[in-house]
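Chemist: Chains as they are written, first to last, in the numbering used here: chain A, 1 to 317; chain B, 1 to 325.
Note that these hints are calculated values from the structure, not bench results. All residues carry an ideal CB built from backbone N, CA and C; glycine is no exception. Any given hint could turn out to be false.
List of simulated lysine to aspartate or glutamate pairs, EDC-like, C-alpha gap at most 16 Å [as the list claims (entries may be wrong)]:
(1) A:K192 to A:E254
(2) B:K160 to B:E116
(3) B:K215 to B:D131
(4) A:K192 to A:E205
(5) A:K153 to B:E91
(6) B:K160 to B:E191
(7) A:K153 to A:D175
(8) A:K192 to B:D84
(9) A:K192 to B:E91
Restraint ranges, calculated between C-beta atoms of paired labels, are given here [unchecked claim]:
(10) A:S245 to B:G241: 39 to 47 Å
(11) A:E254 to B:M120: 56 to 64 Å
(12) A:E254 to B:H81: 48 to 56 Å
(13) A:V261 to B:E260: 44 to 52 Å
(14) A:G142 to B:L108: 57 to 65 Å
(15) A:D154 to B:D216: 46 to 54 Å
(16) B:S265 to A:D175: 27 to 35 Å
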Amino acid sequence: MKTVLDIAFRGEHALIATTEGVTQISRNGKTRHTSITGTPDVVIRDIESMKPSRAEMLLLGFGDTCYKPKVARDGSLLLVEAGKVPASARLPLRLKVYNASVAIAPLQPVFTHVLRIPSSDKPDGPNVFCLLFDRFAKKPTGAYLLFLEEGLKDPLRADLSVRIRTECPPIDVQDGIIAAVIGSSIWIGWAKNGALLRLNVPTMEHEVPEAIALDWRGETLICALRSRHGKGIRVLRTDLRPWLSGTPPRDPREIEFGEAVMEPCLPENVPAPDFKSDVMPLRIAPSGDWMVAQASGLQGEGFYDYFFVVNLNWDRS
Amino acid sequence: MNIFFPPNRCVMKGDMFYVLNLSNDVSTMDVSTMDASTMAMYLASSGIPIRVHRWDSSGADDLWLLSDGSGGAWASLHHIHFADLMSVTPEPEISFRDESKIVIRPKLGGLQILWEGRRMRRGWNVIPLSDPRAGGLDGVIAVEGEEGLQAVLAFRVWRKRKIVLYKPWIDPQEFLLSEVPMNGVEIAYSEDMTLMSVVGQFEGSNKAALFILSKDRVSYLRHVDEKSPDHICAAFPIPAGAWDGLQVNGLGVILARAREDMTLSFTLQVFEGTFGKSSRGPVLEKTIVEGVRGTVPPRPNARVSPDRRFLAVELSHSLHIFSLA
């Protein structure tokens, strides 16, 4: 299976960065691809434009230089240089010897995944979230989640030791609210609080949250739950405001959940996956009406492994 | 786990923070069956807990964290607040009513106490993160009295648990009792003095002991020995007049006993703390709860809330809150 680094949503398109390249996928299923050689040591999910509709961008850092995908005039996808890797995304591994500060290169590669959410109307609080880990994994693995506030002498606001999926990490930040799947639970909180609260979601025992998203205002949580027993995927959404104001419902069964009807949009000429066992939800768009999933499995003698769009219809919820 | 009692809450800190809302109508409860409105689970920076007892706070804990910088960055001080949700935010220093401060000193490898805001000879006032003679730092309790910061207790672990006691103007010294968990120290304020109870070992046996803490010394009042089959799992000082029928300073002791039917019972005994009467038995004895399923770990983790309304106990596989009233 392809190792997915992250996904950025840009209106009707999504950019999927993997260790093999960048794929642009449209909501109608059309794809473009460009290859890369080597694994970036820094992946940055940035917000490129705030208004009228927010567009996310992915920056891939190799050494000191950042590259970003760009659609060329002929319609092909390219990687172009996009400046230096920001200092906050560089490894904060520093050794102090006789008052000399030395940045040390670790023996193992350390990957940095950055979410950079420029503050709009809330200027205070952390705006950069940094995940440090030493291997890409589809299952939760050990990592550090740092909350950083740019512009301060000591930018570190919180430093959490977490177990999290490091491939396309299930973390989202919107308007001062952070949500993440850590272990097999959903955790949320105000980024300025430096602490995450476990959301008591009444899921089935065999279901694990795989992908999560917050709406632009950080008020609604959307999560894709996948069954470990091959019973398929559910996409749910709920209002986070009672939790964020410290008045969660007494009984988790009282929480109101909407469930989306999933309308997959498969590319042409690919084998249809078994939705109950061969589909992995990767990331949900902050608009909440579509997500990107990965299908992989066996067909005859060979494997298939591709990305596709799932439209989410909330009309009936 | 370390147990803390910030205002209206009980916090149990292991890898995560378990936060119980005590302002709800709580009587006896098993944490594993609690709903989200009573108990919340939080993830925050890992670190060494610092418990501050404030003179004017009716005894509730003021909770801080010395984050050890697991991400590779240097340590920092965080203050833990509770509003709608728990927040853990960096602060440069812990300050006290007499301008004393506790600050981080990276060059000295740990915390520094500035008594009355002043620096003193090195060694008098530095709490290093690691100490080859006393072990790694596991927790800190700072006690404020009417005149300001009175004492700082540094909990250290290396094979044995020790407390190093810091007072102004004198060298830090190892405290009388050993094997004292952070939960084993309790503070109470009367009109004119600070009382401290400690559960730990002295000359090989478990005891609960009562002390008066003043700015220049710690005076021993009395102790109670553990007698099998009871375990002393918590103790608390009682200022004179605070309890009916107790006109002198006293010591409350919580005993856990395992019954033959595999259940536990918890009992409260209250002793007079008057000097020279250590042989006298309890002036009050009361069963708190009986028939609790579970086993007593070798070092039961328990604390009594500052308002003395609740007993929080961590058993081998469960957490409980019992009503003392």
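Chemist: All hints, please: hold or fail.
Modeler: So, going through the hints one by one against the coordinates:
1. Of the pairs offered as hints, the one joining A:K192 and A:E254 is violated, with about 28 Å between alpha carbons and a cut-off of 16 Å exceeded.
2. With a CA separation close to 32 Å, the supplied pair B:K160 and B:E116 exceeds the 16 Å bound.
3. Taken as a hint, the B:K215 and B:D131 pair is broken in the structure, with Cα atoms around 25 Å apart against an allowance of 16 Å.
4. Using a Cα cut-off of 16 Å, the hinted pair A:K192 and A:E205 is violated, with the two alpha carbons roughly 32 Å apart.
5. For the suggested pair A:K153 and B:E91, the alpha carbons sit about 13 Å apart, so the restraint of at most 16 Å is met.
6. For the given pair, B:K160 sits about 36 Å from B:E191 by alpha-carbon distance, which is inconsistent with the 16 Å threshold.
7. Restraint check for A:K153 and A:D175: not satisfied, since their Cα atoms lie roughly 23 Å apart, outside the 16 Å limit.
8. A threshold of 16 Å between alpha carbons decides the hint, and for A:K192 with B:D84 the separation of about 13 Å falls inside it, so the pair holds.
9. The suggested pairing of A:K192 with B:E91 holds, with an alpha-carbon distance near 13 Å, which does not exceed 16 Å.
10. For the hinted restraint 39 to 47 Å between A:S245 and B:G241, the CB-CB distance of approximately 41 Å keeps it satisfied.
11. Hint check: A:E254 to B:M120, Cβ distance near 57 Å, so the stated range 56 to 64 Å holds.
12. Evaluation of the 48 to 56 Å hint for A:E254 and B:H81 yields a failure: the beta carbon distance comes to about 28 Å.
13. About 59 Å separates the C-beta atoms of A:V261 and B:E260, a value inconsistent with the hinted range of 44 to 52 Å.
14. Distance hint check: the CB atoms of A:G142 and B:L108 are about 31 Å apart, inconsistent with the given range 57 to 65 Å.
15. The beta-carbon spacing between A:D154 and B:D216, approximately 37 Å, falls outside the hinted interval of 46 to 54 Å.
16. At about 52 Å, the CB distance of B:S265 to A:D175 disagrees with the hint of 27 to 35 Å.
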